[in-house]
Amino acid sequence: MRKITLDRLDEFFAAVAGKLKLYIPVDTAGGAQFQQWRAGAKMSDALNTTRSAKDFFFPQTENLMEFKTEGKKIEIIDVRRENEDFAIFGVRACDVRSFDVLDRAFLSEPADTYYQNRREHGVIFSLACSKPAETCFCGTFGIDPANPKGDIVCYKTDDAIYMEAKTEKGANLMDSVSDIVAEDEGGDGESAVNAQKEIISERMKKLPLASLSTDKFGGDKTAKFFDDPAWKSLSESCLGCGTCTFVCPTCQCYDIKDFNAGNGIKRFRCWDSCMYSEFTKMSAGQPRLTQLERFRQRFMHKLVYYPANNDGMFSCVGCGRCLSKCPIQMNIVKVMKNLGEGGENNG
Amino acid sequence: MADMKEPLIPAIGEVVDIRMDTPDIKTFRVVTPDGKKAFDHRPGQCAMLSVPGVGEGMFSITSSPTNTEYMEFSIKKCGCVTEWLHSMEVGQQITIRGPYGNPFPVDDEFAGKNMLFIAGGVGLAPLRSVINYCRHYRDRYGRIDIVYGSRSKDDLLDYQEIINEWAVDEDVHVHLTIDREQEGWDGHVGFVPNYVKELGFDTENRIAVLCGPPIMIKFTLAGLCELGFEKTQMYTTLELRMKCGIGKCGRCNVGSKYVCKDGPVFRFDQLDELPDEY
Ligand SMILES: Cc1cc2nc3c(=O)[nH]c(=O)nc-3n(C[C@H](O)[C@H](O)[C@H](O)COP(=O)(O)OP(=O)(O)OC[C@H]3O[C@@H](n4cnc5c(N)ncnc54)[C@H](O)[C@@H]3O)c2cc1C
Ligand code: SF4
Ligand code: SF4
Ligand code: FES
Numbered sequence: 014m015r016k017i018t019l020d021r022l023d024e025f026f027a028a029v030a031g032k033l034k035l036y037i038p039v040d041t042a043g044g045a046q047f048q049q050w051r052a053g054a055k056m057s058d059a060l061n062t063t064r065s066a067k068d069f070f071f072p073q074t075e076n077l078m079e080f081k082t083e084g085k086k087i088e089i090i091d092v093r094r095e096n097e098d099f100a101i102f103g104v105r106a107c108d109v110r111s112f113d114v115l116d117r118a119f120l121s122e123p124a125d126t127y128y129q130n131r132r133e134h135g136v137i138f139s140l141a142c143s144k145p146a147e148t149c150f151c152g153t154f155g156i157d158p159a160n161p162k163g164d165i166v167c168y169k170t171d172d173a174i175y176m177e178a179k180t181e182k183g184a185n186l187m188d189s190v191s192d193i194v195a196e197d198e199g200g201d202g203e204s205a206v207n208a209q210k211e212i213i214s215e216r217m218k219k220l221p222l223a224s225l226s227t228d229k230f231g232g233d234k235t236a237k238f239f240d241d242p243a244w245k246s247l248s249e250s251c252l253g254c255g256t257c258t259f260v261c262p263t264c265q266c267y268d269i270k271d272f273n274a275g276n277g278i279k280r281f282r283c284w285d286s287c288m289y290s291e292f293t294k295m296s297a298g299q300p301r302l303t304q305l306e307r308f309r310q311r312f313m314h315k316l317v318y319y320p321a322n323n324d325g326m327f328s329c330v331g332c333g334r335c336l337s338k339c340p341i342q343m344n345i346v347k348v349m350k351n352l353g354e355g356g357e358n359n360g
Numbered sequence: 044m045a046d047m048k049e050p051l052i053p054a055i056g057e058v059v060d061i062r063m064d065t066p067d068i069k070t071f072r073v074v075t076p077d078g079k080k081a082f083d084h085r086p087g088q089c090a091m092l093s094v095p096g097v098g099e100g101m102f103s104i105t106s107s108p109t110n111t112e113y114m115e116f117s118i119k120k121c122g123c124v125t126e127w128l129h130s131m132e133v134g135q136q137i138t139i140r141g142p143y144g145n146p147f148p149v150d151d152e153f154a155g156k157n158m159l160f161i162a163g164g165v166g167l168a169p170l171r172s173v174i175n176y177c178r179h180y181r182d183r184y185g186r187i188d189i190v191y192g193s194r195s196k197d198d199l200l201d202y203q204e205i206i207n208e209w210a211v212d213e214d215v216h217v218h219l220t221i222d223r224e225q226e227g228w229d230g231h232v233g234f235v236p237n238y239v240k241e242l243g244f245d246t247e248n249r250i251a252v253l254c255g256p257p258i259m260i261k262f263t264l265a266g267l268c269e270l271g272f273e274k275t276q277m278y279t280t281l282e283l284r285m286k287c288g289i290g291k292c293g294r295c296n297v298g299s300k301y302v303c304k305d306g307p308v309f310r311f312d313q314l315d316e317l318p319d320e321y
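Protein chains in written order, with our numbering: chain A, 14 to 360; chain B, 44 to 321.
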């Protein structure tokens, strides 16, 4: 356990940023966002960032490769440079779990090397949530915000941040800045952290979504939910805007497109959304004709198909982003509550 | 060999032969720039071809794995990439990555069986690979029947090979049909599903493999069921939109399966377990 008092936090950030690129959440006009730390940057007090931390490993757009053509000849250019180490400070328990969810997709054979390189180079400082929000339901998926995973786990109290390295990567980084944050030997660390955990656990029990359960879902439930009458009313007003998929830390669909810049051809990858009608459109037909099918796909994937392939793990971490961002107030909580209830009510 | 350690980065392929098969289907022969086969494959597997700057597309490898010199693709013109491919000349380089998908179980469930291949239109492309594999290892299979139909005589893919090679093989029985009467055609006229029923195959020790437009599959499947075929002895390939080919981009997800990785070859009883979204 190490301790840094809040009045020395800048010193700590400066020391870490001296070793590798450091990103912290800061307040912006568009809510809290991760930004590279610079002297004077102030860490946001917001519970979570508007966009999830998946951007670090799976950016919204990235250049996969370039091509040079000459006559009938083609040259393929791998434009990647060696990835640099970087650290993200303040990742919440839900978003840390989302990396597990993405890992299972991107690191399974054959591994996505673009994602893999970034994962190998990223160090995660997770931060326990002292004030979970009303839209939070990470507990539904067995995530404990009082005990987040991560390379270095942090607890913030009124006057200090306590940190504990949990992985070799985390320990190495902490050792390299030990002149700034020393081991808190015989200090108040343990009792302060335990008190924090206590507070968080009490708050979690009182959250409005605390009783939401995954019991009726799981990998073997395709037949049970696929033709549920509730899909109709749930999907009826969906605009197909894709906002829910873009803010979601576990959504992983992508498109690959070529772009001819005139002086060279780039092949890039960008996020895509199963909520879009173009997603599955083919010359021979369209397997998902209406928004109902597309809407159903997003939630069936999170609650049934993904768990079927991943030992029962769900592809939602209860971060609540889709609850606050959907323009029509539709979200996975309403879906979970209404499916399997035999009705078309979407309360 | 395409580098599977870098699954999205393709290899270079060179088009060394182009054959005009039908008014809208051309068959392309592809090798590496030093003249070799780009990678090994199994019957029914696919490859992602691309024209840099235009895009990628998934295509069945129509040549047999027993051909160790090159790969062939029969490609129907229907959009940006396929139009560009159709406008190519011999010597043009493209990119290629693969192989993708699960092959037909030619050495397991198919071994020792009488084979019934049923194809419509460009659906012959994936079957040609299996048919030529079975012809190559002829003694491993029983009687071979091939029912193949198209809109017209001019739309029959691989016509020369069918007539000059398949039809003359011992115990390979080719049954061609076209949708409507046409001058110079004295073969069968009618749709594939009806023709299959007319021919009336027995189900004994037989495997049926179907490939073609969804509507043909639907009616042929119904016809074969009437003839007494079980879903466990019938196979097909699915076609969904694809981008990555490696089960990650989410595009070809149906139920808990990714068609690019878990398919495109499926047995009909396996399809029954998937939601009806293909
Ligand atoms: C497993 C598999 C095997 C295939 N094998 C063959 C084959 O052997 N021969 C052959 O001619 N075609 C085959 N196809 C279809 C082929 O991939 C598409 O026709 C091709 O990618 C269309 O590309 P395009 O750029 O010319 O069309 P686009 O300009 O992109 O689009 C034209 C139309 O085709 C649709 N489309 C785009 N991508 C695909 C896609 N991947 N699959 C289906 N429709 C698409 C578009 O939505 C649009 O309606 C196969 C597809 C799959 C999934
Ligand atoms: S559920 Fe909401 S955010 Fe998602 S696509 Fe529909 S309208 Fe947009
Ligand atoms: S579905 Fe909603 S609550 Fe669940 S992880 Fe995605 S954005 Fe968060
Ligand atoms: S093509 Fe990307 S998941 Fe199948």
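If you're looking for bench data, these hints aren't it; they were derived computationally from the structure.
Positions of the beta carbon are idealized from the N, C-alpha and C atoms, including for glycine.
Check the hints yourself; a few may be wrong.
Derived contacts from chain A toward chain B, CB cut-off under 7 Å, selection only [unchecked claim]:
1. Q73
2. E75
3. N76
4. L77
5. K85
6. P123
7. T235
8. C266
9. I269
10. Y289
Results of checking the hints against the structure:
1. Q73: violated, 14 Å
2. E75: For E75/A, the interface hint is violated, since the closest Cβ of chain B sits about 11 Å away, which is over 7 Å.
3. N76: Violated, because the Cβ-Cβ distance from N76/A to chain B comes to roughly 12 Å (cut-off 7 Å).
4. L77: Hint on L77/A: holds, closest Cβ of chain B at ~6 Å, below 7 Å.
5. K85: Because about 5 Å separates K85/A from the closest Cβ in chain B, which is inside the 7 Å limit, the hint holds.
6. P123: holds, 4 Å
7. T235: holds, 6 Å
8. C266: holds, 3 Å
9. I269: holds, 5 Å
10. Y289: violated, 11 Å
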